[in-house]
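One line per chain: the protein sequences are W and V, in this order.
Just so we're aligned, residue 7 is where the first sequence starts under my numbering, counting upward by one.
Just so we're aligned, residue 14 is where the second sequence starts under my numbering, counting upward by one.
Because the hints were derived from the structure by calculation, they are not lab data.
Hints are not guaranteed to be accurate.
Said to hold, decoys possible - Below, in silico cross-link-like pairs of lysine-lysine (DSSO-like), each with a Cα-Cα straight-line distance of 30 Å or less:
#, chain 1, residue 1, chain 2, residue 2
1, V, Lys70, W, Lys73
2, V, Lys70, V, Lys27
3, V, Lys70, V, Lys84
4, W, Lys48, V, Lys24
5, V, Lys24, V, Lys70
6, W, Lys62, W, Lys73
7, W, Lys8, W, Lys62
8, W, Lys62, W, Lys48
9, V, Lys24, W, Lys62
10, V, Lys70, W, Lys8
11, W, Lys8, W, Lys48
12, W, Lys73, W, Lys8
13, V, Lys84, W, Lys8
14, V, Lys84, V, Lys24
Said to hold, decoys possible - Which residues of chain V face chain W? A few of them, derived with a C-beta cut under 8 Å, are:
#, residue
15, Phe58
16, Glu69
17, Phe78
18, Ser86
19, Phe87
20, Thr89
21, Tyr116
22, Gly121
23, Gly123
24, Thr127
Computed from a predicted model, the values in this text were never measured in an experiment.
Every residue, glycine too, gets a C-beta built ideally from N, C-alpha and C.
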Amino acid sequence: QKEVEQNSGPLSVPEGAIASLNCTYSDRGSQSFFWYRQYSGKSPELIMFIYSNGDKEDGRFTAQLNKASQYVSLLIRDSQPSDSATYLCAVGAGTASKLTFGTGTRLQVTL
Amino acid sequence: DTGVSQNPRHKITKRGQNVTFRCDPISEHNRLYWYRQTLGQGPEFLTYFQNEAQLEKSRLLSDRFSAERPKGSFSTLEIQRTEQGDSAMYLCASSQTPRGRTYGYTFGSGTRLTVV
Chain W
7 QKEVEQNSGP LSVPEGAIAS LNCTYSDRGS QSFFWYRQYS GKSPELIMFI YSNGDKEDGR
67 FTAQLNKASQ YVSLLIRDSQ PSDSATYLCA VGAGTASKLT FGTGTRLQVT L
Chain V
14 DTGVSQNPRH KITKRGQNVT FRCDPISEHN RLYWYRQTLG QGPEFLTYFQ NEAQLEKSRL
74 LSDRFSAERP KGSFSTLEIQ RTEQGDSAMY LCASSQTPRG RTYGYTFGSG TRLTVV
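Sequences and hints are given; from them, build the entire structure.
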């Protein structure tokens with residue numbers, strides 16, 4: 007079983023819609039959770055992090071964490087073509103430990 | 014400070030040769046990480062430093078790989094006797110850990126290694 011699992015996609019959503027990206031993790035003791043965006047040929051860039059159960063909003067992005075279900079998600083509201091990228095979920099065993107990345111979900115926002 | 018800097022951006026080498034990559038982290042960041050990424054995969058952890066101390070090294074990393082961070086500033090990653098399977102993007106990242114928490118890494122642009 008992979009430590010951090012994501013559906014590889016592609017996930018296709020129309021412009022203006024909500025994109026929902028999901029991630030599950032195997033280590034029940036994980037404490038820190040991150041979402042990165044990676045454009046083709048570029049390095050990952052941090053979108054959001056979340057430490058506590060519940061929702062965390064930042065602009066068009068909302069991260070949701072459910073530690074009991076070992077599940078973290080990212081919602082992108084009002085999706086734009088510029089959001090088309092691969093979204094990487096990353097999990098830390100502690101609050102200051104190395105991150106383990108999933109394989110990423112490719113998002114395509116269509117006009 | 015303009016972020017994490019990696020050099021070179023691209024490296025093509027013949028199988029069996031040694032290569033060395035350099036990473037200059039964000040100056041106030043105390044942690045420095047090396048990851049490797051192949052096409053269609055997420056970044057895979059290689060090793061990380063807190064200041065000059067190498068705190069962890071992946072079990073997947075063979076003895077051909079070595080990393081240093083002298084004086085807790087820049088870091089180098091050396092691969093000896095390169096193999097075709099070493100072809101990948103090598104990513105360096107840095108972070109701070111205020112009050113024992115990390116708030117995410119800042120990645121450099123990466124070094125793309127091609128072994129022919």
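Against the structure, the hints come out as follows:
This hinted pair checks out: V/Lys70 and W/Lys73 have alpha carbons roughly 27 Å apart, not beyond 30 Å. Of the pairs offered as hints, the one joining V/Lys70 and V/Lys27 holds, with about 26 Å between alpha carbons and a cut-off of 30 Å not exceeded. With a C-alpha separation of about 19 Å, the suggested pairing of V/Lys70 with V/Lys84 holds against the 30 Å cut-off. Distance check on the hinted pair: W/Lys48 and V/Lys24 sit about 16 Å apart at the alpha-carbon level, within 30 Å; holds.
Of the supplied pair hints, the one linking V/Lys24 and V/Lys70 holds, its CA atoms being roughly 23 Å apart against a limit of 30 Å. Under the criterion of a C-alpha separation no larger than 30 Å, the hint pairing W/Lys62 with W/Lys73 is consistent with the structure, at around 14 Å. A distance of roughly 26 Å separates the Cα atoms of W/Lys8 and W/Lys62; the hinted pair therefore holds under the 30 Å criterion. Among the hinted pairs, W/Lys62 with W/Lys48 is consistent with the structure: their alpha-carbon atoms are about 26 Å apart, no more than 30 Å.
In summary, the hint linking V/Lys24 to W/Lys62 is not supported, as the alpha carbons are separated by about 40 Å, beyond the 30 Å threshold. Our distance criterion of 30 Å between C-alpha atoms is met by V/Lys70 and W/Lys8, whose separation comes to about 19 Å. Among the hinted pairs, W/Lys8 with W/Lys48 is consistent with the structure: their alpha-carbon atoms are about 24 Å apart, no more than 30 Å. Under the criterion of a C-alpha separation no larger than 30 Å, the hint pairing W/Lys73 with W/Lys8 is consistent with the structure, at around 17 Å.
Note on V/Lys84 and W/Lys8: the hinted pairing is violated, with a Cα-Cα distance of about 36 Å set against a maximum of 30 Å. The straight-line distance between the Cα atoms of V/Lys84 and V/Lys24 is roughly 26 Å, inside the 30 Å bound, and the hint therefore holds. Interface hint at V/Phe58: satisfied, since its Cβ lies 5 Å from the closest Cβ of chain W, which is below the 8 Å cut-off. Annotation: interface hint on V/Glu69 holds; nearest CB of chain W at approximately 6 Å, less than 8 Å.
The beta carbon of V/Phe78 comes no nearer than 16 Å to any beta carbon in chain W, farther than 8 Å, and the hint placing it at the interface is violated. The beta carbon of V/Ser86 comes no nearer than 20 Å to any beta carbon in chain W, farther than 8 Å, and the hint placing it at the interface is violated. Because the closest C-beta pair between V/Phe87 and chain W is about 18 Å apart, greater than 8 Å, the hint is violated. A cut of 8 Å between beta carbons decides the hint on V/Thr89: the least distance to chain W is about 19 Å, and the hint is violated.
A least Cβ separation of about 6 Å between V/Tyr116 and chain W falls short of the 8 Å threshold, and the interface hint therefore holds. Checking V/Gly121 against chain W: minimum C-beta separation of about 6 Å stays under 8 Å; hint holds. Of the supplied interface hints, the one on V/Gly123 holds, with its beta-carbon coming within about 5 Å of a beta-carbon of chain W, less than 8 Å. The beta carbon of V/Thr127 comes no nearer than 14 Å to any beta carbon in chain W, farther than 8 Å, and the hint placing it at the interface is violated.
The structure does not agree with the numbered hints 9, 13, 17, 18, 19, 20 and 24 stated previously, though it agrees with the rest.
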